[in-house]
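Chemist: Just so you know, the protein sequences line up as chains A and B, in that order. Quick note: the first sequence, position 380, residue 380 per the numbering used here, numbers continuous. The number in the numbering used here is simply the position in the second sequence, starting from 1, with 1000 added.
By construction, these hints were calculated from the structure, which means they are not laboratory data. Any given hint could be a false lead.
[To be verified] Partner residues aside, some chain B positions facing chain A, computed with beta carbon under 8 angstroms:
1. K1217
2. T1218
3. V1226
4. S1230
5. T1233
6. K1235
7. Y1236
8. A1237
9. G1238
[Said to hold, decoys possible] Straight-line C-alpha distance at most 25 angstroms; calculated PhoX-like pairs for lysine-lysine:
10. A:K374 / B:K1225
11. A:K358 / B:K1240
12. B:K1003 / A:K9
13. A:K477 / A:K488
14. B:K1217 / A:K358
15. A:K358 / B:K1232
16. B:K1081 / A:K374
17. A:K179 / A:K4
These numbers were taken from a predicted model, which means no experiment stands behind them. From the three backbone atoms N, C-alpha and C, an ideal C-beta is built for every residue, glycine too.
In case you want the letters, here they are:
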Amino acid sequence: MNTKLKVSKVSKIYPGCIANDNVSLDFKSGKIYALLGENGAGKSTLVKILSGVINPDKGQIFLNDKLLKLKSPKDAKNNNIGMVFQHFNLFETLSVFENLSIDSEKNNDQLRILVNNILKKYNFKINLDVPILNLSAGQKQKVEIVRCLIRNPKVLIMDEPTSVLTEQETEDLFFSLKKFSKEGILIIYITHKLKEVLSLCDEVAVMRKGKVVSISRTIDEKLSSLANKMIGESLNKIKKMTSNNLSGEQILRVSRLNFNSEDPYEVNLEDINFTLNKGECLGIAGISGNGQNELFQILSGEILSNSGSIKFRNKEISKLNPKERREYLMAFSPEDRISQAAVPSLKIYENVALNNFKTSNFFERGLFNERKIKDHSKKILSNFSVNTDNVNLTSQFLSGGNLQKLILGRELITSPELLICFNPTWGLDVGAINYIHRTLVKINQQGKSIILISTDNDELLQLSDRISVINKGKLSKIMSAEEVNPEKLGLLMGGGLVD
Amino acid sequence: MIKIERRNETSNLIYFLTPILAIFLTLVTGAIIFYLLGFKPLEALKFFFITPISDLYGLSELLLKATPLCLIAIGLSFCFKSNNWNIGAEGQLTFGGIVGGGVALLFYNHEGFYVLPLIILAGAFGGMVFAMIPAILKIYFNTNEILVSLMLVYVSKLLLDYLVVGPWSNPEGFNFPETRQFSDSARLPILFEGLRIHAGIFIALVSVFLAWVILFKTYLGFQIKVSGLSLKTAKYAGFKGKTMILLVFMVSGACAGLAGVGEITGPIGQLHRMISPEYGFTAIIVAFLGRLNPIGIVFASLIVALTYLGAETAQIFLQVPKYTGQVFQGMILFFLLASDFLLFFRIKFLGFKRYEY
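Assemble the whole structure, with the sequences as input and the hints as a guide.
Modeler: Right, dumping it as structure tokens:
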């Protein structure tokens, strides 16, 4: 079975941005193709065009020399183009089999035989009759893949599939993808992770600002050459120096912290204990959905915890709300930039006013001091190199990276003693990630402490002095950064034990 | 080909133009309806919208009706801006009227400068307390404030019914369902001899000013705005969410209570069954037509008040039921919501070009 997919001069223009600019690509089955690019490079747009979610303004797509009209995702399916999105499209409370049968025309008995054959062939170990919510992220992804395989796809498109997987699960996935490729399925693998391109793919197309800037064989590429192509400038790798000003002065103590939620979709936390010293960065690794959200909200005061469980600079703070905790010089940068850390429809200076201190005098005698807030905002914009100096700009027009700089700037400009951040670089491009990492290292050097909750292991290994792993609401033992490596982390994240 | 696109930026101009567009469409549709009913459309519209305010008395009536609408809508804007859906202003108005009226009846044979302020405060207090019921139930039991506040409207209306028929009915009133007339010192002063416009309008104007200051210039207003846009952010910023729910309901209830007490101490002068022609519900339209903006609400209340007057004139001159007024109010809200679509989307006419994929 030979499959040829040809993308010919595809353009898609959104108001104010050219998402795809005259993109032409050729794919042939038997190879795994990487589509590499930063966020906003146009990968997702191209993928959405290939899967029929959006229509291009110009250009054609040919499958085996036949012109394809992809007006809807259904057309893509009917033309044997399978797609696994970054976010799973599964019904959590339905069983695996029910999820698979929803969009299948086959009757249940036939489908079950077919699915069982697929599972056996690729050695996927999934129980078909358990609800999706009991599965790990890796298993959920396998369900999505099986859903595509049922339809005998000619083309399988994977959109950033490893963002939620452990190291082990990632290896499994790569093994399966290679197997699919040998069987003649054309695989297009979308990612911004350079290592994955080199270890998995045969050819790589790099996109930048909507254009294809390079097409090459991966054996001719190195990490650094790909990185340069992707960002178009040379990348300075940050290396964390082991903080030399660790005074040993304890700043935060969390002891016997328990949290039992009434909400079945929240994770309970069990007996969390740790301490944090001045100038230290404690990394908390883990696969998302293992209690990071809850831990962050408890540390920030959005959820109040059992009394006596959190002491900050020897003061009991477990019953204080986020605003009161800020007065004690804590700062918080939540995972969800767009709907929690800031309000997109508010202006920049209004978003700055969200972090309101007694001493900042934003509201004198309850009145909004617009000039003071604007001056303060201007300072943040310039100190944290946000790409605008217009404090009246509505925040939704900031890119993800600039918004995150604004938020971090807002939190840091008050010189807090402790910053708690949750996935601070999630979904950002390399330039912005770089900037944020440098900022975090800098505040550590100034003797401020950081708790970094992150699902990005590279980030954790780069920035942390000590690392712990959260799994099913429990923290692993805390290890110093030198004794940790990606394999160890992966094992702990998957619920295993080390030493 | 017509293509509908999401707008990148909502322009301020469009934001305030759509209410005007809605009013225009209402007039056009109104003209069509009158035409179908066999009237000359322009003449009918003139009877509806021009004749009622073509003399001083008419203007005074317009302000008289706009006063409670404006007052209630101002209060509602606090709730709506912060994502609290208080639909029960009519009930809060009625309960404020009951409490204020109760105090007025207590002093029915008293004279004194202190009587009126006491009644007004009692009315505001009554509306406030009545609005606290849905707020407290929402805070502690997570009930839906839309249902609770709406159902409480009927509770207070039936309570008023019971009171004016039973214990509070006028002993010398031949069993009419109404109370005694309030004493003169329990009445809001009339501004001009021969017209019904009374001092209640000043209460409304002061509320407009205070609301503008609070909503746009204070920390409280900022908190209300943020909570309305994103509760998650409000929580993250550490705003006291529960206190705020209670507070906006209290403001809203107090305003409705003031409107109620303004009616009974103003034009009515006693309690009876019909102290409000559904001002509490109509004010919801006013609040949205005014874009939840205090200044906008002033204009919106005048326009909607005109539909009340127009309906009465039309009833006299055209012999159509006065419920046509409600038809017009309904149309305004309908067209407003429909034209809000234009806020977020724009319609592009592409001609008959074909696209190649």
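Chemist: Taking only the CA atoms, is the gap from B:K1217 to A:K358 under or equal to 25 angstroms?
Modeler: This hinted pair holds, its Cα atoms lying about 17 angstroms apart.
Chemist: Straight-line Cα separation of A:K358 and B:K1232 no greater than 25 angstroms?
Modeler: 22 angstroms, holds
Chemist: Sort out whether A:K9 lies within 25 angstroms of B:K1003, counting only the CA atoms.
Modeler: Cα-Cα ~23 angstroms, so holds.
Chemist: How about B:K1235: closest beta carbon in chain A under 8 angstroms, or not?
Modeler: Check passed: Cβ of B:K1235 comes within 5 angstroms of chain A, closer than 8 angstroms.
Chemist: Could you grab the alpha-carbon distance between A:K179 and A:K4 and see if it respects the 25 angstroms cut-off?
Modeler: Judged against 25 angstroms, a Cα distance of about 19 angstroms means the pair holds.
Chemist: Regarding the hint that B:Y1236 lies at the interface with chain A, is the smallest CB-CB distance below 8 angstroms?
Modeler: 5 angstroms, holds
Chemist: Double-check B:V1226 for me: the hint is only fine if its C-beta lies closer than 8 angstroms to a C-beta in chain A.
Modeler: 6 angstroms, holds
Chemist: Checking one constraint from the list: CA of B:K1081 to CA of A:K374, max 25 angstroms. Satisfied?
Modeler: 24 angstroms, holds
Chemist: Let me know if the C-beta of B:A1237 comes in closer than 8 angstroms to any C-beta of chain A, holds or violated.
Modeler: Since chain A brings a Cβ to about 4 angstroms from B:A1237, closer than 8 angstroms, the hint holds.
Chemist: Let me know if the C-beta of B:G1238 comes in closer than 8 angstroms to any C-beta of chain A, holds or violated.
Modeler: 3 angstroms, holds
Chemist: Is the hinted pair A:K358 and B:K1240 satisfied, with a Cα-Cα distance of at most 25 angstroms?
Modeler: At roughly 16 angstroms apart (the allowed maximum being 25 angstroms), B:K1240 and A:K358 satisfy the hint.
Chemist: Under 8 angstroms, Cβ to Cβ, is where B:S1230 needs to be relative to chain A, so tell me if that hint holds or is violated.
Modeler: Because about 5 angstroms separates B:S1230 from the closest Cβ in chain A, which is inside the 8 angstroms limit, the hint holds.
Every hint from the earlier list agrees with this structure, and none is contradicted.
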